[in-house]
Amino acid sequence: MFHGKVIDASKGTISLDAAQKFITSEKCGASLFFIGTVRNHNNNKNVTGITYDSHDAIVEKSFKEIYDEAIQKLKLEYPVVFIEHTKGYVPLGGISIIIAVAAKHRSQVYDLSRYIIEEIKKRTPIWKKEHYDNNESDWLKGNPVIDIEKK
Amino acid sequence: MKIKIELFGAARDFSKEDFLELTLPEITSVKEVRENLADFIQSKYPDNKNFLEIVKRSAFANEQNEIVHDDYKLSNQSKLCIIPPVGGG
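Chains as they are written, first to last, in my numbering: chain A, 1 to 151; chain B, 1001 to 1089.
It should be emphasised that the hints constitute simulated quantities derived from the structure, not laboratory data. Even glycine gets a Cβ: it sits at the ideal position worked out from N, Cα and C. Just to be clear, a hint being listed does not mean it is correct.
Just the calculated beta-carbon pair ranges, DEER-fashion [claimed, not checked]:
id : chain 1 : residue 1 : chain 2 : residue 2 : range
1  : A       : Tyr78     : B       : Asp1047   : 52 to 60 Å
2  : B       : Lys1079   : A       : Asn40     : 36 to 44 Å
3  : B       : Ala1038   : A       : Asp56     : 24 to 32 Å
4  : B       : Gln1042   : A       : His41     : 32 to 40 Å
5  : B       : Lys1079   : A       : Leu140    : 21 to 29 Å
6  : A       : Lys104    : B       : Lys1073   : 45 to 53 Å
7  : B       : Asp1070   : A       : Ile71     : 26 to 34 Å
One chain only, chain A, in its complex shape (with noise of 0.2 Å):
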């Protein structure tokens, strides 16, 4: 089972409740959240909030794909993912994404979650503009979603 979804920031919030209700199984015996939260610091910086810009179609397609992609790599038994993202801005210690995942077994959650934030910072278009406390903001290099030697 499978949820994922951009939420804008401007219209919604994204929920742990949605999140444990989506995930919860009787045919799972591990559960895991991963929640992703904006911190005061990175780069010297002083960081007071992050932008976040989303392609969300790509984003929910890609979500898809990498929840696919998973269950094939990790032969997993009666997987439920939901992932949401905001959109939109999100102050200190607001919460920027959650990743809820059940399976039968807890190395299967471990490698499921770890699977799925590193594969979303890989390829998935999401952007943050950090804002500074000196009033300025700055977005943050990524990393390229196409080899640039080949394009």
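Given chain A, put chain B in place with the hints provided.
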């Protein structure tokens, strides 16, 4: 022919609008869009090397939300999205 490029992430700073329009020769590929976009950036922001680096390191996506490579062919009024290096989470 005209190509519309929807802007995302750091590329949003290329324009006050959410998109750019380029006028290109007929039978254009993503490679030529990238080159023309680089020329446009160089003429509009001659001192901003960061913008040029973004163009160089970006992917492009078509209207079907697929990442397309430099040999992907475009027609008049095609729309692309520029996908700068990503970093969510």
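Hint-by-hint comparison with the structure:
For the pair Tyr78/A and Asp1047/B, the beta carbons lie near 56 Å from each other, so the given range of 52 to 60 Å is met. Taken as a hint, the range 36 to 44 Å holds for the pair Lys1079/B and Asn40/A, whose Cβ atoms sit roughly 39 Å apart. One distance hint, 24 to 32 Å for the beta-carbon pair Ala1038/B and Asp56/A, holds here, with the actual separation near 27 Å. The beta-carbon spacing between Gln1042/B and His41/A, approximately 35 Å, falls within the hinted interval of 32 to 40 Å.
The beta-carbon spacing between Lys1079/B and Leu140/A, approximately 26 Å, falls within the hinted interval of 21 to 29 Å. Between Lys104/A and Lys1073/B, the C-beta spacing of about 47 Å keeps the proposed range 45 to 53 Å intact. For the hinted restraint 26 to 34 Å between Asp1070/B and Ile71/A, the CB-CB distance of approximately 32 Å keeps it satisfied.
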